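Student: Next come the chains, spelled out residue by residue.
There are 2 protein chains.
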Amino acid sequence: MDIISISQFDIVYNAFSFAIAGMGAATLFLWLERSQVAPQYRTALTISGLVTAIATYHYIRIFNSWDGAYEVVGNTISVTGQAFNHAYRYVDWLLTVPLLLIELILVMGLSRKETYSKSLWFGVMAALMVILGYPGETATDISTKLVWWTLGMIPFVYLVYQLFVGLSASIQSQPAEIKSLIVTARWIIVATWCFYPIVYILPLLGFEGSSAMVGVQVGYTIADLLAKAVFGIYIYFIVVRKSESVKG
Amino acid sequence: MDIISISQFDIVYNAFSFAIAGMGAATLFLWLERSQVAPQYRTALTISGLVTAIATYHYIRIFNSWDGAYEVVGNTISVTGQAFNHAYRYVDWLLTVPLLLIELILVMGLSRKETYSKSLWFGVMAALMVILGYPGETATDISTKLVWWTLGMIPFVYLVYQLFVGLSASIQSQPAEIKSLIVTARWIIVATWCFYPIVYILPLLGFEGSSAMVGVQVGYTIADLLAKAVFGIYIYFIVVRKSESVKG
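So the protein lines, in turn, are chains A and B.
This note's numbering puts the first residue of the first sequence at 814, with every later residue one more than the last.
This note's numbering puts the first residue of the second sequence at 814, with every later residue one more than the last.
Hints in this document: simulated from the structure, not taken from any laboratory.
Since this is a predicted model, take the numbers as computed values, not measurements.
Ideal Cβ placement from N, Cα and C applies to all residues, glycine included.
Fair warning: there could be bad hints in the mix.
Think about it this way: if two alpha-carbon atoms lie no more than 25 Å apart in a straight line, the pair counts; the simulated DSS-like pairs of lysine-lysine are [as the list claims (entries may be wrong)]:
#1 B:Lys992 x B:Lys931
#2 A:Lys992 x A:Lys926
#3 A:Lys931 x A:Lys992
#4 B:Lys992 x B:Lys926
#5 A:Lys931 x B:Lys926
#6 A:Lys926 x B:Lys992
Example chain A residues on the side facing chain B (calculated, C-beta under 7 Å, incomplete) [stated by the list, open to error]:
#7 Leu863
#8 Ile867
#9 Tyr870
#10 Ile873
#11 Gly894
#12 Ala900
Chain A on its own, in the form it takes in the complex:
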């Protein structure tokens, strides 16, 4: 582990605790409000809450791993020799990124066949994106990092393309008052996703050592909160609006 200052340690420590609170609160909100929406949209809220629940679990593990890697006594900070485990994030994304895309597909209310085929295909590509990213995250060598970053960008670009082109016919067929909400949900996915490849290559952009590590950890945490908790709440608003039109 890099030697960092106490204030750098604290920033990351507090960011992780904030993530536990934010993800946990979003989970409880989404599941408690499940009964408030029309039955056909409840599965979308189950899955939205599942994404933030899985993230809550992993942020508790990440927090403990960070806390175990350093020891702060008075004005001195030292490394304990325990490694900070990077793998938690990737295990989390392997489960949550496919589920996030399934959330979006579920609120669109497509035919069963289309829901299945899109969920399966999006899910596989999202998992592939995460798996290809991992070897580069743990690599210390810059060229290895760059190779895996590039490989991971192939399913990334494919998914962004599909979100804009592959889904556009289905989005056009949505009721007028829902269409703009789904377009925004799609933008939230794409905008928050753009954080990840940038955070990933921060070390290659000249950020090195302790400031790079703090930047990467805080950056991923903010991106995760936007992509999971904020996106989940946004899905809730869409589902509430859709439920009203069912009743009406």
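Chain A is already provided as a structure; the job is to place chain B on it using the hints.
Tutor: The following block gives chain B in isolation, referenced to the frame of chain A:
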């Protein structure tokens, strides 16, 4: 405990954490979605979630047992002297394998008498299979391992035979759109079950020492995730489809 490398330790550590997240998420999903299906199929989802809940508990124990068996400080790994507890897996299977078979029987919607007799008989044979496997798992001597493996294979082969022959009349009587789903569910059971006797005898196939141990632990974890979490979600899809035909 065998001496292993840090990366071998990490692979097993992350596989166990992944199992906790995956089993836990499946449990929450199955229980939350319980209210979405027709009342007569809710017990199948209760039990599917129970299987993954029991597995979540045991993977937390297995994770802690693994973490306690080794100490990693900086670039060195050492054994602490605490044994890694193999019994957790067998206690888990003793409870979950009979329940998994009951899941399959419940979604078939047989008569009450047939449901009871098949559940009882399948459950007893599944428990016997697990009990006969345990002495061989902990044995270090190859011939002892082989004797118990062979004894455990007797109920194993009997159950596979029953799944294909004993259940075939009941499967034939299912509605057409459900039949192929149940046939696939049966294949998921048989295909994932085949992992276990293979993983069990890995040490006899020339895999020895640390790589055998890592192979056994990761192999069992993948097999468990497929047989419990993925199988449970598949049961959910069958039950959703059956509920629609009830309403229709």
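Student: For each hint, tell me whether it holds in the structure or not.
Tutor: Each hint, compared with the structure:
1. Between lysine 992 of chain B and lysine 931 of chain B the alpha-carbon distance is near 19 Å, which keeps this suggested pair within the 25 Å criterion.
2. For the hint pairing lysine 992 of chain A with lysine 926 of chain A, the CA-to-CA distance comes to about 21 Å; that is within 25 Å, so the pair holds.
3. Our distance criterion of 25 Å between C-alpha atoms is met by lysine 931 of chain A and lysine 992 of chain A, whose separation comes to about 19 Å.
4. As the CA atoms of lysine 992 of chain B and lysine 926 of chain B are separated by approximately 21 Å, the hinted pair is consistent with the 25 Å bound.
5. A hinted pair counts as satisfied when its Cα atoms are at most 25 Å apart, and lysine 931 of chain A with lysine 926 of chain B does not qualify at roughly 41 Å.
6. Only pairs whose Cα atoms come within 25 Å are accepted, and lysine 926 of chain A paired with lysine 992 of chain B is accepted, the gap being roughly 18 Å.
7. Satisfaction of the interface hint for leucine 863 of chain A is found here, the shortest Cβ-Cβ separation to chain B being roughly 5 Å, below the 7 Å cut-off.
8. For isoleucine 867 of chain A, the shortest C-beta to C-beta distance to chain B is roughly 5 Å, which falls under 7 Å, so the interface hint holds.
9. The closest approach between the C-beta of tyrosine 870 of chain A and any C-beta of chain B is roughly 6 Å, which is under the 7 Å cut-off, so the hint is satisfied.
10. At about 11 Å, the closest approach between the beta carbon of isoleucine 873 of chain A and any beta carbon in chain B exceeds 7 Å, and the interface hint on this residue is violated.
11. At about 4 Å, the closest approach between the beta carbon of glycine 894 of chain A and any beta carbon in chain B falls short of 7 Å, and the interface hint on this residue holds.
12. A least Cβ separation of about 4 Å between alanine 900 of chain A and chain B falls short of the 7 Å threshold, and the interface hint therefore holds.
Violated hints for the displayed structure, listed by number in ascending order: 5, 10.
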